[in-house]
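Enquirer: Here is what each chain is made of, one letter per residue.
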Amino acid sequence: MELLCPAGNLPALKTAIDNGADAVYIGMKDDTNARHFAGLNFNDGKLLKAADYVHQHGKKLHVAINTFAHPNGESRWQKAVDNAVAIGTDALIIADLGVLDYAANKYPDVERHVSVQASTTNLEAIKFFKNNFDVQRVVLPRVLSIQQVRQLAKNSPVDLEVFAFGSLCIMAEGRCYLSSYMTGESPNTVGACSPAKYVRWQETENGLESRLNDVLIDRYQEGENAGYPTLCKGRFEVDNNVYHALEEPTSLNTLELIPDLADMGIVSVKIEGRQRSPAYVEQVAKTWRQAIDHYKSSPDNYEVEGRWMQTLANLSEGTQTTLGAYHRKWQ
Amino acid sequence: MKFSLGPSLFFWPKKQVEDFYYKAVNSSADIIYLGETVCSKRRELRGKDWLNLATNMAQELTADNSVKDKEIVISTMALLESPAEIQVMKRLCDNGELLIEANDLSAVQIMHELKMPFVVGPAINCYNLSTLKVLLKQGMTRWTMPVELSGDWLKNLLQQAEQENIRDQFECEVFSWGYLPLAYSARCFTARSEDRPKDDCQYCCINYPLGRKMNSREGEKVFILNGIQTMSGYQYNLINEIPELDKLGVDIARISADSEQAFTQLTNFRQQLDTPARYTLDGVKECNGFWHQIAGMSVA
Numbered sequence: 001m002e003l004l005c006p007a008g009n010l011p012a013l014k015t016a017i018d019n020g021a022d023a024v025y026i027g028m029k030d031d032t033n034a035r036h037f038a039g040l041n042f043n044d045g046k047l048l049k050a051a052d053y054v055h056q057h058g059k060k061l062h063v064a065i066n067t068f069a070h071p072n073g074e075s076r077w078q079k080a081v082d083n084a085v086a087i088g089t090d091a092l093i094i095a096d097l098g099v100l101d102y103a104a105n106k107y108p109d110v111e112r113h114v115s116v117q118a119s120t121t122n123l124e125a126i127k128f129f130k131n132n133f134d135v136q137r138v139v140l141p142r143v144l145s146i147q148q149v150r151q152l153a154k155n156s157p158v159d160l161e162v163f164a165f166g167s168l169c170i171m172a173e174g175r176c177y178l179s180s181y182m183t184g185e186s187p188n189t190v191g192a193c194s195p196a197k198y199v200r201w202q203e204t205e206n207g208l209e210s211r212l213n214d215v216l217i218d219r220y221q222e223g224e225n226a227g228y229p230t231l232c233k234g235r236f237e238v239d240n241n242v243y244h245a246l247e248e249p250t251s252l253n254t255l256e257l258i259p260d261l262a263d264m265g266i267v268s269v270k271i272e273g274r275q276r277s278p279a280y281v282e283q284v285a286k287t288w289r290q291a292i293d294h295y296k297s298s299p300d301n302y303e304v305e306g307r308w309m310q311t312l313a314n315l316s317e318g319t320q321t322t323l324g325a326y327h328r329k330w331q
Numbered sequence: 001m002k003f004s005l006g007p008s009l010f011f012w013p014k015k016q017v018e019d020f021y022y023k024a025v026n027s028s029a030d031i032i033y034l035g036e037t038v039c040s041k042r043r044e045l046r047g048k049d050w051l052n053l054a055t056n057m058a059q060e061l062t063a064d065n066s067v068k069d070k071e072i073v074i075s076t077m078a079l080l081e082s083p084a085e086i087q088v089m090k091r092l093c094d095n096g097e098l099l100i101e102a103n104d105l106s107a108v109q110i111m112h113e114l115k116m117p118f119v120v121g122p123a124i125n126c127y128n129l130s131t132l133k134v135l136l137k138q139g140m141t142r143w144t145m146p147v148e149l150s151g152d153w154l155k156n157l158l159q160q161a162e163q164e165n166i167r168d169q170f171e172c173e174v175f176s177w178g179y180l181p182l183a184y185s186a187r188c189f190t191a192r193s194e195d196r197p198k199d200d201c202q203y204c205c206i207n208y209p210l211g212r213k214m215n216s217r218e219g220e221k222v223f224i225l226n227g228i229q230t231m232s233g234y235q236y237n238l239i240n241e242i243p244e245l246d247k248l249g250v251d252i253a254r255i256s257a258d259s260e261q262a263f264t265q266l267t268n269f270r271q272q273l274d275t276p277a278r279y280t281l282d283g284v285k286e287c288n289g290f291w292h293q294i295a296g297m298s299v300a
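Listed in order, the protein sequences are those of chains H and V.
Oh and the first sequence: position 185 is 185 in this note's numbering, straight run, nothing missing.
Oh and the second sequence: position 121 is 121 in this note's numbering, straight run, nothing missing.
Accuracy of the hints is not assured; some may be wrong.
[What the hints assert, rightly or not] Stretches of chain H that chain V covers, calculated by requiring three or more beta carbons in the stretch to come under 8 angstroms of a beta carbon on chain V: (1) 12-18; (2) 181-192; (3) 250-260.
[To be verified] Coverage of chain V stretches by chain H, computed from C-beta distances (three or more under 8 angstroms per stretch; other residues unrestricted): (4) 262-276; (5) 287-293.
Since the hints were made in silico from the structure, they are not lab data.
For glycine and all other residues, C-beta sits at the position ideal for the given N, C-alpha and C.
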């Protein structure tokens, strides 16, 4: 089972490799990937250095081209595919059907993975991607229970990758327009959810307020932990009841599922967080490496260690973690 | 330009659904979509009931010689997670008579295997010409634009389709009125709002015929909770843009089946073609931002 780590820049990429990642995924410095944030990602020169470093260490590089191509800019997405292939990427992670079609026709020998943004949640949809674009792998959205993942793994004609740790997207990825509804920009169209330029913090007599494009997302009292106002993680009012109506600030953590995931033949566990610091990548990669190695060395005696959970909780939103949709009760 | 009645996205008692579609068949809608698109646990009408209802409506239309060119379409689910859900959908797809609206690529796959034409619904991400071509090859005959896209986006895309001589291979439909379907989740937010797990939801969506309002703490109607679906808090309204849609070559404007208000809107929207009037949108109830490439919830 491959440990696939995120990198938003070269230092994070090196850190990931140095701390046990089997593969690293990165994006380019434009809107062709779903972490299109200022100061993040790889230009052509950095891309080449990234590939060199990864390959010198005998590891793999995946390039995410996982937003949806604009009608007057399809060539930008195609060029991203060309660039990734030129530097020798080991896999392309793609969401857009048109971009997948381009990659499959032009570079049939370069591995294609269906991005989580393509929202592939069932066997027939997996068949669609296999039949049309001969993909080698599908990244499953974070909406399936562990039983549903197991059932898919049993029947899937292609390899499956799942999200193992990181910020929890609670909607079927690629099918959420909440961000563009509030700001005009979404992961699909510009590669960012709840973009930072729309965020405003304000100290008021009611407490510290966070706003996204002027809409009040949350209000914090003295001593409360204030988090980034991702719009689905704020507190809203439903019939006079104020609560986290969609989800609390929390991160996904599936350390305890490692034996299940390995048993069902999941080929890769993915860590979220290309927008996070090299320090985050270091801690997560190291912890997950230990956990996977621990499991491999003695599958029957695998137990999640308290210190791993503590380390990961400290890196999590609201310092809390959840099994998310893998666990029916969360749903 | 034609006008369609989109599938009702809410969970209503069986009698209400039947009454609604009895009225729909006699309404001015050229195309009527129906079927469960949100949650497989909503079983006031099961798959075969939807099929029966749709078939009866189609027969009624055929029997009535005064009605020409009306079409009934079966809409399918957007988020399918279990083999059981796929089975139900396969039976709908293989009905042998009525057109199918695919809202997930699984439905596209099934229709392709059946070698049957299909409509691509708003829940499938088709953002560009290459994707249109992929879907055309699968058997798509009508494309509904994803709701977050704008008039400019559509104009570009349709121009490209013209240039490549494929524009006549599909009809183009635009979601034009109603609460917008914005997101799908594993979690049921209506059950959560009643502090229940999804597995013990007690089908509580039925208590909220227009979903549950989720407001900001300043009272702004931000979203609507509709089971596993999150919708816009304001009703999308492109009534002022209808002449523009027509000029762009949009074939169908979709009026969502929020309530019986939809029937009035069907009439009002159609009037915009012959005698366009300027409507003032209510900024705390309505929006048209997506079309104008600004925040979806705003009014341009």
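Enquirer: Indicate, hint by hint, whether the structure satisfies it.
Expert: To see whether the hints hold, each was checked on the structure:
Look at the region 12-18 of chain H against chain V: 0 of its residues bring a Cβ nearer than 8 angstroms to a Cβ of that chain, fewer than three, so the hint is violated. With 7 residues bearing a CB less than 8 angstroms from a CB of chain V, the region 181-192 of chain H meets the requirement of three and the coverage assertion stands. Counting residues of the region 250-260 of chain H whose beta-carbon sits less than 8 angstroms from any beta-carbon of chain V gives 0, not enough to reach three: the coverage restraint is violated. Counting residues of the region 262-276 of chain V whose C-beta lies closer than 8 angstroms to any C-beta of chain H gives 0; at least three are required, and the coverage claim is violated.
Only residues whose beta carbon comes within less than 8 angstroms of a beta carbon in chain H count, and the region 287-293 of chain V has 3; three or more means the coverage holds.
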